[in-house]
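Assemble the complex: chain A is given as a structure, and chain B must be docked to it using the hints.
Letter by letter, the chains look like this.
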Amino acid sequence: MTDPQLKAQSILCRYDNVMCAEVLYQVSDKNNSVNHIDRMPVITGHYPAGTSLKNFRQFEQYFHSGKFQMFDYGENINLIKYGTK
Amino acid sequence: MKEKNTTIVTGKRVIYMQHGLIDSSDTFILNHEQKAPAFILANKGYDIWLGNIRGNRYSNHALSPNVRDYWEFSFDELAKYDLTASFKYIANYTGQKIHYVGHSQGTLIMFIALAMRYPSIRENLKTFTALGPIVYINSMDSPLLNRMMNSKTFEVLNVNFILILRKLVIKFYFT
Chain A
77 MTDPQLKAQS
87 ILCRYDNVMC
97 AEVLYQVSDK
107 NNSVNHIDRM
117 PVITGHYPAG
127 TSLKNFRQFE
137 QYFHSGKFQM
147 FDYGENINLI
157 KYGTK
Chain B
146 MKEKNTTIVT
156 GKRVIYMQHG
166 LIDSSDTFIL
176 NHEQKAPAFI
186 LANKGYDIWL
196 GNIRGNRYSN
206 HALSPNVRDY
216 WEFSFDELAK
226 YDLTASFKYI
236 ANYTGQKIHY
246 VGHSQGTLIM
256 FIALAMRYPS
266 IRENLKTFTA
276 LGPIVYINSM
286 DSPLLNRMMN
296 SKTFEVLNVN
306 FILILRKLVI
316 KFYFT
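Going down the list, the protein sequences come from chains A and B. The opening residue of the first sequence carries number 77 in my numbering; numbering runs sequentially from there. The opening residue of the second sequence carries number 146 in my numbering; numbering runs sequentially from there.
So that you can see chain A by itself, here it is in the shape it has in the complex (with noise of 0.2 Å):
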């Protein structure tokens, strides 16, 4: 256990694989099968790895405004990085 990452996975999913599939259901979607309970805490020993806020802020501008567009950061700033409001 010197890997930060397992520590955190064996509190989460150490007593319950089962549960631990239903968090994921929440993240991944609705009609997910999870087909192997048994290698839960394998995957949540390395699933979350980390990525950063402003990865996630895009997701959320591509979820607002359902295009495929570069980060939109507000009207001023895309006028001096891309030139274009």
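Incorrect hints may appear among the rest.
In the SDA-like style, the derived pairs of lysine to any residue whose C-alpha atoms are separated by at most 20 Å in a straight line are [said to hold, decoys possible]:
| no. | chain 1 | residue 1 | chain 2 | residue 2 |
| --- | --- | --- | --- | --- |
| 1 | B | K297 | A | K157 |
| 2 | B | K242 | B | E268 |
| 3 | A | K130 | B | E222 |
| 4 | A | K161 | B | K180 |
| 5 | A | K143 | B | K180 |
| 6 | A | K130 | B | D214 |
| 7 | A | K157 | B | S219 |
| 8 | A | K130 | B | A207 |
| 9 | A | K130 | B | Y226 |
| 10 | A | K143 | B | A207 |
| 11 | A | K130 | B | V212 |
| 12 | B | K297 | A | M146 |
| 13 | B | K297 | A | R133 |
| 14 | A | K130 | B | G156 |
| 15 | B | K180 | A | R115 |
| 16 | A | K143 | B | K157 |
| 17 | A | K130 | B | S204 |
| 18 | A | K143 | B | L259 |
| 19 | A | K143 | B | S287 |
| 20 | A | K130 | B | L208 |
| 21 | B | K312 | A | E151 |
| 22 | B | K312 | A | P124 |
| 23 | A | K157 | B | Y226 |
| 24 | B | K297 | A | H140 |
| 25 | A | K143 | B | P278 |
| 26 | A | K157 | B | Y263 |
What the hints contain is simulated information worked out from the structure, not anything from laboratory work.
Coordinates of chain B only, in the frame set by chain A:
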């Protein structure tokens, strides 16, 4: 990655696999040997490269993760710098064109790179396989993420707050 019970041979067909959002290269080798995609392809005799984008646990940390600038990246930067750099490195090392396999965010950054027409990718890409491709996400099914998006969670969250939280968690829980 090389084929089982073999030594590394040059001239094999190159497959570059890229993981999804908040994931790492582990995702392709998590399952048993008969089911994990990277193992299956390696055993078929392909030369497998597993990519990691910045910000996950395999990052080299050229900048300290405690600095705000470290986290200043989104899909655009991942496509512009990380993906092109991996392509250049693999192409230089193997001297071959690359078969790209992306999953989720891995496909998204490739779609961005193709839309932006980055030269290193145009020159070195042979095929592009998209697993669970993402371009438009406004109709996703995930209940939790839908709720978070609708309440604009990530727009409200502050980077400095998360950095402080991160430090506290590491200090009190992991040491």
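Enumerate the violated hints, using their earlier numbering and listing them in ascending order. Numbers 1, 4, 5, 10, 14, 16 and 21, in rising order.
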